[in-house]
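Using the sequences and the hints given, assemble the complete structure.
Sequence lines, in order, name chains A and B.
If you count by the working numbering, then the first sequence holds residues 1 to 699, one letter each, in order.
If you count by the working numbering, then the second sequence holds residues 1 to 699, one letter each, in order.
Hints were generated in silico from the structure; no laboratory data involved.
Just so you know, not all the hints are guaranteed correct.
Heads up, simulated DMTMM-like pairs for lysine to aspartate or glutamate below, C-alpha to C-alpha not over 25 Å straight-line [unchecked claim]:
1. A/Lys260 <-> B/Glu82
2. B/Lys543 <-> A/Glu665
3. B/Lys239 <-> B/Glu309
4. B/Lys560 <-> A/Glu656
5. A/Lys673 <-> B/Glu589
6. A/Lys416 <-> B/Asp256
7. A/Lys544 <-> A/Glu489
8. A/Lys260 <-> B/Glu309
9. B/Lys260 <-> A/Asp87
10. B/Lys581 <-> A/Glu665
11. B/Lys189 <-> B/Asp122
12. A/Lys416 <-> B/Glu589
13. A/Lys95 <-> A/Asp25
14. B/Lys88 <-> A/Asp256
15. B/Lys9 <-> B/Asp188
16. B/Lys260 <-> A/Glu82
17. B/Lys499 <-> B/Asp545
18. A/Lys192 <-> A/Asp122
19. B/Lys9 <-> B/Asp122
Nothing here was measured: the structure is a model prediction, and the numbers come from that model.
Residue strings, one per chain:
Protein chains: 2
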Amino acid sequence: MNEFGRPIKPSDIKIRDSFWAREIDLVRDVVIPYQWDILNDRVKDASPSFVIHNFNAARRMNKLRTESPEFEEPAYTFRGFEVLPEDKDNPDPDKFYGFVFQDSDLYKFLEAVSYSLEISPDEKLEALADQVIDLIGDAQLENGYLDTYYILSGMDKSLTNLRDHHELYCLGHMIEGAVAYYEATGKDKFMKVAARYADYIDEKIGPEEGKLRGYPGHEIAEMALIRLYEATGIDKYLKLASYFIDERGKQPYYFDNEHKPENGAPLIRYHYHQAHLPVRQQTEAVGHAVRAVYLYSGMADMYRHSKDESLLNACKILWDSIVNTKMYLTGGIGATHIGESFSFLFDLPNDIAYTETCAAIGLVFFARRMLQVEPDIRYSDIMELALYNGVLSGISLDGRSFFYTNPLEVLPNACKNDERKFHIKPVRQKWFGCACCPPNIARLLTSIGSYAYTEQADRLFIHLYMTSSLQVKTSGGIYRVEVESSIIEDGNVTIKCIKIENESPVDNGDNNIDKNQKDKNNINNIIEASKLNLGIRIPGWAKKDYSVEGLEDRETYVEKGYLYASDLEDGDQIRLHFAIKPRLIMSNENVFENEGKLAVKRGPIVYCAEEADNGDKLWRLRIDTEGQIKESRETFGDVEATFLDVDGYRLRARAEEDDNALYREYVQDIKEKTQIRMIPYFLWANRGEGEMSVYLRGI
Amino acid sequence: MNEFGRPIKPSDIKIRDSFWAREIDLVRDVVIPYQWDILNDRVKDASPSFVIHNFNAARRMNKLRTESPEFEEPAYTFRGFEVLPEDKDNPDPDKFYGFVFQDSDLYKFLEAVSYSLEISPDEKLEALADQVIDLIGDAQLENGYLDTYYILSGMDKSLTNLRDHHELYCLGHMIEGAVAYYEATGKDKFMKVAARYADYIDEKIGPEEGKLRGYPGHEIAEMALIRLYEATGIDKYLKLASYFIDERGKQPYYFDNEHKPENGAPLIRYHYHQAHLPVRQQTEAVGHAVRAVYLYSGMADMYRHSKDESLLNACKILWDSIVNTKMYLTGGIGATHIGESFSFLFDLPNDIAYTETCAAIGLVFFARRMLQVEPDIRYSDIMELALYNGVLSGISLDGRSFFYTNPLEVLPNACKNDERKFHIKPVRQKWFGCACCPPNIARLLTSIGSYAYTEQADRLFIHLYMTSSLQVKTSGGIYRVEVESSIIEDGNVTIKCIKIENESPVDNGDNNIDKNQKDKNNINNIIEASKLNLGIRIPGWAKKDYSVEGLEDRETYVEKGYLYASDLEDGDQIRLHFAIKPRLIMSNENVFENEGKLAVKRGPIVYCAEEADNGDKLWRLRIDTEGQIKESRETFGDVEATFLDVDGYRLRARAEEDDNALYREYVQDIKEKTQIRMIPYFLWANRGEGEMSVYLRGI
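See the structure below:
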């Protein structure tokens, strides 16, 4: 029995959705080639990546190491968290450059390439990936170690700064990329490289005598090792992940062993790494937001194997902490740029929000993993929200520029003149020195199908609606599920069940199906029933106003926001309508930042006002809370979307004797009726620089 | 002719005002003794000052230098901008500790002591001051140099870092203190010490061949040197001040000579020091707010001597830049803690405002100097505003704790948990490592009379109303001006003119009156008329609603907000009433931070709401813009003040199915009628920790 949900593999889903297929194609056609140029430092005016440079240097050094008797290992000296060439036009070919975690960009790139290959086989791209994997393999030390930062800078200090130096983070991303490539192509070279590095770490770190009792400063190895275990069945990877999760936050703090605690060193560092308490005792999401949700994702993954309820309980409490006290309306998380971190309860400033793209992506990871434990719209609603807003805003319509931070309010003047807001960019950037976000978006978008569907026990769950089809085996035969969705246009979804084969060779007693078999004719998705059973998400935003047709003759029930419909047969057709209409949204009264302010949301999509449509001083606009909101379907660049015209007012100051005065006695402003044009938040900043605001005041 | 205004000396004014006399007494009775303990590091739990420690060490070293043949000058090494003892309980008696500008605290202390002695002679305090001055003199090098930081750390590097190391700032404060002490006591030892240091600087810095073409990194020497010139009549001090003003901002930048411009060093550094442009070309107040207004004060002083209209013009433009685009309602300036600086136009965040007490004080300095050039309520209104609000909020009712920053909104939770707001304190502190503000308040409050009155040409100007009396000579006799003021209670002021002597020995052709003569029976205040002429300020806040009685038979006129009344005679009595009533204040629509928000001001006094009166979540309060505001006169600690009860509402969220949700569909909040208690802003945080807000939303 698949007690827990298993995501459907990207290759098993044919996505034809006008919205999501466009994003996937964009990654394949634009983002992946662009990123390859970036990784090779071939994009003018973009921060250089140095990733390929570093691996080439490590490969050359490895060759010398084995071939040259005079080879001497370099002695480590710390040259900064980010190392830049003294002469930027002439980097030393043998030196490491970039951030200490630079390797991870290449792994994320390969992960995106893998998913893309699963969906759209491409011999040339696969050959390129194979070459890159050869390069990675050539850079690996004989003992399995593989982080070009220390390989090039001096292995004598490797694993001495787990807190800051990301060797375990790079391992995590390497595994994610390697397993994805194996699943996409059946080729296991990269996975073997990753496993060797994991073996090396397993020999050096752990609870056993003689090993370092450390754990990752930046989490991800937890979920990655579990994925490696799931791909290989090798226990020690699960054990190592389990150790990492259990060891974190224990006293005495490992990071104190590494770093002599200086007089008055801020305690905040432990929180920053979620290492202030053992994870099961953590009740508030704190510290670096990406690290936090990566950790929680690993914890949720671990629960599927350990069934340790205390771990699940911690996951649920931390989930609630995020979504009830620390999450922006867009699904963005991380309210402060100081430590790229969660701020305190209900502190959600819009104009200096950090809301890193990677953090919204991490929240999607966490949500999908909680859904695997238990289908509940409390998770899928947030997953959908983050995807359509906080994640998608990270990439421009043309796929060539990216946001690292995704604020909910922008005043370009402030971004340029107020050092407190220098992290906020009014337009997307070509690339970043710390370029975690662009490849992270690419790997998420190309695997979006695996967030839309999971199979669990006797049922296929549909979490996100996109026009797509997939095949499901039951003991009574094979079904094709055809979803036609125009959900974000008009709220309509049709699900067709087509039986394509009667007989199905499922062994009900055996759930050790080889998930990694690469016979494309095989169907990987198996539910343990004789007919097709579905769990159909009723989005929270439509829970009060939706309709279902086609199930009138069946017993159905709704649990935790999922409509359970069983024993579907060939020709069954379910027509869903989710009332998708613009709604004014207010914040909890504890959110002092949003006092008196309203946002507009339509289904899962958050809207914003831009200067391009509404002129400047957006703060002078008022939404008429008793007015109308007109919807119109329009094209914007190459995207079709629903735009809103909201009844409202523009306030203007009355002329007074001294119009220049900063302060004056109160007189009512002049209220001019206006239509406030609002566009989907993820489309903002595609028309040059200007003010933007998600929230407007109501009147 | 006194072409320009001359402040009346503190000793010439008897202040009996219930409000201001209390502040002056507080400084004399509490602040000065407390600061003396602080300077000697005798206050438990307060940051140590090390000031007396440093001077003692310098004195001992000086003794060794002259007496011991083995004495060797220490070789300078930079140990940080603030030097703290390795073992905080055992500072090395021979080393310098504290900030590089620590000496200045002692000079500011002596300045406050001087004014206090002028008002209230006190033999014991004067003897203490004499001792301190002896100590200062003993620390001075033979060549006149006097900054204990370099004396103790290594003279080889003195004057090599004018940008950051405050030697000229310490000189400025030394002069201010020294001239004040001379004017208070007639003793010139301290002034001679200061003049010797000024002479030393004049030999080393200037436009002449072989001198450093530098200028102060932190301005104040400009106005101080002009004061020294005015006290001594020695031209070179005026010339040096003039050079400092003219040289600033010229290219090539002097600070670049001192500090190799590093690749990509932020240009902001020039702005920070107001050194980005020659001062006459500056049109926007930028950079460190205290430095800026100290510079502008020096420029205004210089204009009185040079009559260079381009300098005055720059002063006026910079004044407008501050008050029209960069000043808080409280007269606080400096919107960002990054560089303790002005932010960009109209960026006036309330909760992270820097609004250093010293900056508000500096704005008072600048205002008084502009008033000396030209009586105009545009200056005196702001002077009054800053005094009653941004300055007075810096000191607690009991005189034992102080604010460095004076925000307009405080959420204690944020100050503790949001690193962006760590500079904001929810309660006043006992002392600061960088303790510029407390002694600065002390010197201002003890000299408040010299801000209230100036004499200019044929007229006595009254800028601030406080119950007080002073004597004025005219060619027709001596008058006593008696002011009875309850202005901040009920708006009433009575000015009585009493002729006390008929004959007056004024030589109309001679304005070189020895201002420093110490014969207390002499009257220093001389107007060049045969009868008493007054310039009586009509505060801007009352300009639409005031009345004047007692001048019905005379020709009067109002110019730039001053009521000009001439030829007053014995027994004349002017009764003024300025309608002082609470008013709702709105901000210019460019101030995005204050959109939809209102403040309450009564006369010059800004009000705020505190949690102690109104419960928490102050952001949920709404002022009823059509409601009433009730005034009541109450005591608060040992102060009597007018408190306000403002008609308004408290909003409460309607109970919904999920009260914990961060976001929900808009429904109107429940509006509960309430009275919002508002207290004078300067009284906030005298009842422990809690929320505070100057601005509330209107409805």
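Status of each hint after checking the structure:
1. A/Lys260 <-> B/Glu82: Holds, because 23 Å separates the two Cα atoms, which is no more than 25 Å.
2. B/Lys543 <-> A/Glu665: holds (13 Å)
3. B/Lys239 <-> B/Glu309: holds (18 Å)
4. B/Lys560 <-> A/Glu656: Holds. B/Lys560 to A/Glu656 sits at ~18 Å (cutoff 25 Å).
5. A/Lys673 <-> B/Glu589: holds (18 Å)
6. A/Lys416 <-> B/Asp256: holds (24 Å)
7. A/Lys544 <-> A/Glu489: Given pair A/Lys544, A/Glu489 holds - Cα atoms ~19 Å apart, limit 25 Å.
8. A/Lys260 <-> B/Glu309: violated (61 Å)
9. B/Lys260 <-> A/Asp87: Status holds; Cα separation ~18 Å.
10. B/Lys581 <-> A/Glu665: This hinted pair holds, its Cα atoms lying about 12 Å apart.
11. B/Lys189 <-> B/Asp122: holds (19 Å)
12. A/Lys416 <-> B/Glu589: Distance ~21 Å between A/Lys416 and B/Glu589 Cα, so the pair holds.
13. A/Lys95 <-> A/Asp25: Measuring from Cα to Cα gives roughly 36 Å; hence the hint is violated.
14. B/Lys88 <-> A/Asp256: holds (24 Å)
15. B/Lys9 <-> B/Asp188: holds (18 Å)
16. B/Lys260 <-> A/Glu82: holds (23 Å)
17. B/Lys499 <-> B/Asp545: violated (31 Å)
18. A/Lys192 <-> A/Asp122: holds (23 Å)
19. B/Lys9 <-> B/Asp122: holds (18 Å)
When held up to the earlier numbered hints, the structure conflicts with 8, 13 and 17 and fits the remainder.
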